[in-house]
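Please put together the full structure from these sequences, using the hints given.
Here the protein sequences come in this chain order: V and Y. Quick note on numbering: the first sequence equals residues 1 to 643 in full-length UniProt numbering. Quick note on numbering: the second sequence equals residues 1 to 643 in full-length UniProt numbering.
Source of the hints: derived by calculation from the structure; they are not laboratory data. Watch out, some of these pointers could steer you wrong.
Stated by the list, open to error - Below, simulated DSS-like cross-link-like pairs (lysine-lysine); rule was C-alpha separation at most 27 angstroms, straight line:
id	chain 1	residue 1	chain 2	residue 2
1	V	Lys358	Y	Lys331
2	Y	Lys331	V	Lys404
3	V	Lys53	Y	Lys580
4	V	Lys175	V	Lys227
5	V	Lys623	Y	Lys331
6	V	Lys394	Y	Lys358
7	V	Lys37	Y	Lys358
8	Y	Lys358	V	Lys354
9	V	Lys331	Y	Lys404
10	V	Lys221	Y	Lys215
11	Y	Lys116	Y	Lys215
12	V	Lys290	Y	Lys431
13	V	Lys394	Y	Lys329
14	V	Lys215	Y	Lys37
15	V	Lys431	Y	Lys35
16	Y	Lys354	V	Lys331
17	V	Lys193	Y	Lys35
18	Y	Lys358	V	Lys326
19	Y	Lys282	V	Lys193
20	V	Lys53	Y	Lys431
21	V	Lys329	Y	Lys329
22	V	Lys600	V	Lys580
23	Y	Lys354	Y	Lys221
24	V	Lys53	V	Lys215
25	Y	Lys404	V	Lys329
26	Y	Lys24	V	Lys431
As the list claims (entries may be wrong) - With the Cβ distance kept under 7 angstroms, some of the chain V side facing chain Y (calculated, not the full set):
id	residue
27	Pro49
28	Glu121
29	Val135
30	Phe155
31	Ile202
32	Gly321
33	Ala322
34	Leu324
35	Ala525
To be verified - Label pairs and their calculated CB-CB ranges:
id	chain 1	residue 1	chain 2	residue 2	range
36	Y	Tyr641	V	Ser339	52 to 58 angstroms
37	V	Phe51	Y	Asp229	36 to 42 angstroms
38	V	Lys221	Y	Lys227	45 to 51 angstroms
39	V	Leu166	Y	Lys501	23 to 29 angstroms
40	V	Lys124	Y	Lys600	50 to 56 angstroms
Even for Gly, the Cβ is constructed at its ideal location relative to N, Cα and C.
Protein chains: 2
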Amino acid sequence: MGKKVFHEILSLEEALHSLIQNFKQRVFHPLPAEKIKVKEALGRVTAEPVFAKRSSPYFHSAAMDGYAVHSKDTFNATEKDPVLLKIGEQALWIETGDPLPEGFDAVIPVEEVNVKEGFIEIYKSYPPYHDVRPVGEDIVATEMIIPENHFIRPFEIGAMLASGILEVVVRKKPKVGIIPTGSELLTPEEAEKEGLNPPSLIEYNSSVLKGLLEKDGAEVKVYPIAKDDEFSIKSSIEKALIENDMVLLNAGSGYGKEDFTYKVLSELGEVIINGVAIKPGKPFIASFCKNKPVLGIPGYPVSAIFCYQLFVRPLIELYLGAKLPKEEKIKGLLSRQLSSPVGVDEFVRVKVGKVGEKYIVSPLGRGAGLLMSVVRADGYLWIPAGIEGFSPGKEVEVFLWRNKEEIDYTLVCIGSHDNTLDVVYNFLRRKYPHISLSSAHVGSMGGLIAIKKGEAHLAGTHLLDETTGEYNIPFIKRILPERSVVLVNLVYRIQGFIVKKGNPKNIFSFSDLTREDVVFINRQAGSGTRLLLDKHLKDLGINPSQIRGYDQEEYTHMGVAQAVASGRADVGLGIYAAAKALDLDFIPLAEERYDILIPKEFLDLEMVQAFLDIIRNDEEFKKMVVNLGGYDVRHMGKIIYEN
Amino acid sequence: MGKKVFHEILSLEEALHSLIQNFKQRVFHPLPAEKIKVKEALGRVTAEPVFAKRSSPYFHSAAMDGYAVHSKDTFNATEKDPVLLKIGEQALWIETGDPLPEGFDAVIPVEEVNVKEGFIEIYKSYPPYHDVRPVGEDIVATEMIIPENHFIRPFEIGAMLASGILEVVVRKKPKVGIIPTGSELLTPEEAEKEGLNPPSLIEYNSSVLKGLLEKDGAEVKVYPIAKDDEFSIKSSIEKALIENDMVLLNAGSGYGKEDFTYKVLSELGEVIINGVAIKPGKPFIASFCKNKPVLGIPGYPVSAIFCYQLFVRPLIELYLGAKLPKEEKIKGLLSRQLSSPVGVDEFVRVKVGKVGEKYIVSPLGRGAGLLMSVVRADGYLWIPAGIEGFSPGKEVEVFLWRNKEEIDYTLVCIGSHDNTLDVVYNFLRRKYPHISLSSAHVGSMGGLIAIKKGEAHLAGTHLLDETTGEYNIPFIKRILPERSVVLVNLVYRIQGFIVKKGNPKNIFSFSDLTREDVVFINRQAGSGTRLLLDKHLKDLGINPSQIRGYDQEEYTHMGVAQAVASGRADVGLGIYAAAKALDLDFIPLAEERYDILIPKEFLDLEMVQAFLDIIRNDEEFKKMVVNLGGYDVRHMGKIIYEN
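Right, here's the structure in full:
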């Protein structure tokens, strides 16, 4: 059982200040230099200024194909009174790059002369050094070509080689040791070989951190997983301290474990930070042992990534003596309310889409355990400690993890979730690698509202009108009366009960949902599936309060299927594809129409056309959708309604 | 002697279109897939979508330290009417990450309970799955976690490992062979070992291209230099075609050589492009041999870099099936006129500085041989074929080669050139790695005008007033009457004649410059040194037309020294440091004051303070300046004048 060691939680600003100041005072930096071959120096940092050894070019040479001449021989030449120069004496043939012959001082391009019986005829005077590349035109020997603390690019490699430099003095790479800690952790290879059973967990943070570190120019060694005992952790750290400039401990899964880290680090050195008021990343620990930083990186993957960004990277920069590139920034409008506790600096992953001329910023899941929120994110925004959050429509600054260009070519699809959208995305990337699809699952109604607010290019929708029994059109007319839109069919799909394999609780009808022994998992309000459920319940006179789990909401069909698969619920309403994906049973109830709504103003966009191309013309795509099961593609791509 | 093969010069648009269309029709792409370890997949491109094998987490686990309970046991608890749950039966201690015990469905955080004699007391009801991380919260087994044609980042490596994936199918790396061609070329190593004599040239383009290609994910093989004969080039290409997906020929120095390339490529395959209306990069050649692209990249380094960017990179993207990151773009105001021939797409390297709120864009040297113009550039701008150029003050778009953040921290120094500025730059980077110094050499007068126009933070100036004999201040009063400025001394320096070693022409006075056998090299109009010369000539009654070479201008002291060292001139006026750097003789004439002018509005900027810190407080810096020779630092950093 973890015992809490109480230590003041620092603000982000305090923590960063303390970390940097302690580093500057205690740690030898920047790192010592080493001499390496210029040809192997790409991405390294100069530890000294580099001065040219030779000039480039190092001899006067012709800049054009033509004749080398003495400029003074040309001084009297005019259009009316041309001058003749004897080839082989006064005029020598010369090609671009050839050295200027001794005594000659200008080049006349071949196009500007007339060759006549052993002479060239010229029609104007040429000053000295006309069409000559003089010595040192590019690089003058002794001049500084690269300053200290500069990342070497291919260009600098060329300039060094051109000026006679074969070796360059660069900073050693910072060596960073990563020690995964946690008795429950298995390497991915162990999990594959030996199987995975609770409470064992796959250790993957070290691979994420290694990738981030290597991209930033560090040399990384990942140590074996240390068990949760003092001896194991201590001896791992001691070994890593000898072999590295910095050590990262990556806690297993739990908060309880960090107290242990704290104890060991206090014994080995001095802990200067134990907890920072940030989200994610709060349980970050920093210490200095033997004048080297030893940092405790929290175990949740998103916390680990932000702690890397906030605390590890600045130390790498100090070791290198150079600043690493920062993320590109972009301004956009927040699509919905974002609240954040005062006193905490919070970092929220977001999707960014360019809809019309505006960038729309949509927050993603904020859990520190949601690595996929980072994979799916276009970047993140920062809610400073002093701020309670942002209102919808607020202009916010986003730090981009993707290229801005990529975002400009991202089709924003907000609305109901359907598995075929993932498949569309993949076929889009295959045929149009520069186009991405970002789909946010907020339910059909949410999609219509996003279109109304100009926050999406497309909306997936399957809203059943209770009175007319018609899909989508009545809702579009009601919610978007003023917009010119096109409604295109994507699929017809079967909705039904997703139940455990073999349907052990014999669930076949809506009235079964009210049984004592049945736990239901619902979809969120505003989703088409929820509407479908509610319509049926109403028709049957069933009160939602009779259903256990009616208040438990998931946002996707896969979420519902997962809840059933994991035993959290016995049944949910959803599509066949989701049941099939997780090998569950499915009790079909009704076919419904799933359409894509597109404002007409976006129809001409290349990416919208690409989307339509895939759903209309790609037979392989259609086949794959049919194979998902429960889908009918008879009207795929057909216009259902226009306004 | 090169024989011209006439071939239609294509526009950039035509050339790109032809290249891409031919590639798509003739070349197998994207490249085939290979299966590699996920841990080694950083930066690779997925060749298939990746679907999760396991859910993550794969069991329900506690999200907090506390007690696992049955949620239904808590339903009646209130603040007034707390409920007691028996520890060990109804409530089990659980730590973050631990699996939820069989049958339990919620976690109550330890902070929210009161432990009382074997019971916990609770004060509210908890719904099912309260503080539980349900199975699949992050990743649901079977869901698509990465689409096809996606660059794998550290995040995706984590997500794959977390979901039980150890191997991933990625595109093979495109293999690119580079063949340097040219009988006059030596490798840098050969030049070092065997010495370098005209017309030999150091071959360095292959290293630049290799670096660019490797950054973009290609596998590069550089072949031995091919001599300029048909057999040598042909057999190199044939070998490289077997071993690679694409071959780049990099012409030696001359235009004459490319005709030869054309001949060989026509025999081996089909030439589709021979010359493009771009600057630099016009002699680009593209062919397809055995269904692989073989491209002739021009020999000038800047041409090679732009041809890489314009033509090679898009083909790498097609091989990979994914888009490479594009340069960040920025808008800025052009500092001076830029003309460009109509019908040619021109790419101009520029410096960008943020002065006040504006980004100021200053074109650099446009010669295709000026590799240093790329090293020094912050990016480039594109003058489309249909445009004659841009006027000063025009808002232009710059494609950045540096980070925007780096540009924001670049001190812009425009004006007279002094070698100490290079030294300042290096000491700045050493102490303040995030600050850069960009110095443009346009002469003292140009510096004052740049300050007036708000285009520089600092101006180096040494303008001698003919009538008062005073430095700088009369000019500042005249040109910048309305600006609040500070004039800070940098150095006193000796100006004199830079002459060949041993002063073979016995040049000791200004009147020697008028001698028949003496060739002078001048500085540009508006430079302090030119003013100094003109003042002396006027005092002595010497007419500039009496001086040979008076019209030959260089923009820096080093340029003047280089002209003397290379024999282009016998004498120039300049500073001692330049003569010393190139081991020339120096005839001292006068000490002059070289100051830095700073508008007061910029004094508080961190980078201006850093600059002043270096020149005022860094003793090592002062020592280094003194060691350059010809400098006196007695007033370094002192305020000379304020307004």
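Next on the checklist: Quick check on the hint: Pro49 of chain V CB to chain Y CB, less than 7 angstroms?
Outcome noted: 5 angstroms, holds
Checklist entry - Straight-line Cα separation of Lys53 of chain V and Lys431 of chain Y no greater than 27 angstroms? => result With Cα atoms ~26 angstroms apart, Lys53 of chain V and Lys431 of chain Y stay inside 27 angstroms; holds.
Next on the checklist: Holds or violated: the hint that Phe155 of chain V contacts chain Y, with Cβ atoms closer than 7 angstroms.
Outcome noted: 5 angstroms, holds
Item to check | Lys175 of chain V paired with Lys227 of chain V [C-alpha distance capped at 27 angstroms] | outcome: Distance of about 23 angstroms is within 27 angstroms: holds.
Checklist entry - Is the hinted pair Lys37 of chain V and Lys358 of chain Y satisfied, with a Cα-Cα distance of at most 27 angstroms? => result It is violated: about 40 angstroms lies between the C-alpha atoms, which goes past 27 angstroms.
Checklist entry - Is the Cα-Cα distance between Lys290 of chain V and Lys431 of chain Y 27 angstroms or less? => result 25 angstroms, holds
Checklist entry - Does Ala525 of chain V pass the interface hint, meaning its C-beta sits closer than 7 angstroms to a C-beta of chain Y? => result 17 angstroms, violated
Checklist entry - Under the criterion that the straight-line Cα-Cα distance not exceed 27 angstroms, is the pair Lys331 of chain V, Lys404 of chain Y satisfied? => result 15 angstroms, holds
Item to check | Restraint check for Lys116 of chain Y with Lys215 of chain Y, where alpha carbons must lie at most 27 angstroms apart | outcome: Violated: Lys116 of chain Y and Lys215 of chain Y sit about 64 angstroms apart, past 27 angstroms.
Next on the checklist: For a C-alpha distance cap of 27 angstroms, please report whether Lys53 of chain V and Lys580 of chain Y respect it.
Outcome noted: Distance ~15 angstroms between Lys53 of chain V and Lys580 of chain Y Cα, so the pair holds.
Next on the checklist: Against the 27 angstroms threshold, does the CA-CA distance of Lys394 of chain V and Lys358 of chain Y hold or violate the hint?
Outcome noted: This hinted pair holds, its Cα atoms lying about 25 angstroms apart.
Checklist entry - Is Lys394 of chain V within 27 angstroms of Lys329 of chain Y, Cα to Cα? => result Since the Cα atoms of Lys394 of chain V and Lys329 of chain Y sit roughly 24 angstroms apart, the hinted pair holds (cutoff 27 angstroms).
Taken one by one, the earlier hints fail for this structure at numbers 5, 7, 11, 19, 22, 23, 24, 28, 34 and 35, listed in ascending order.
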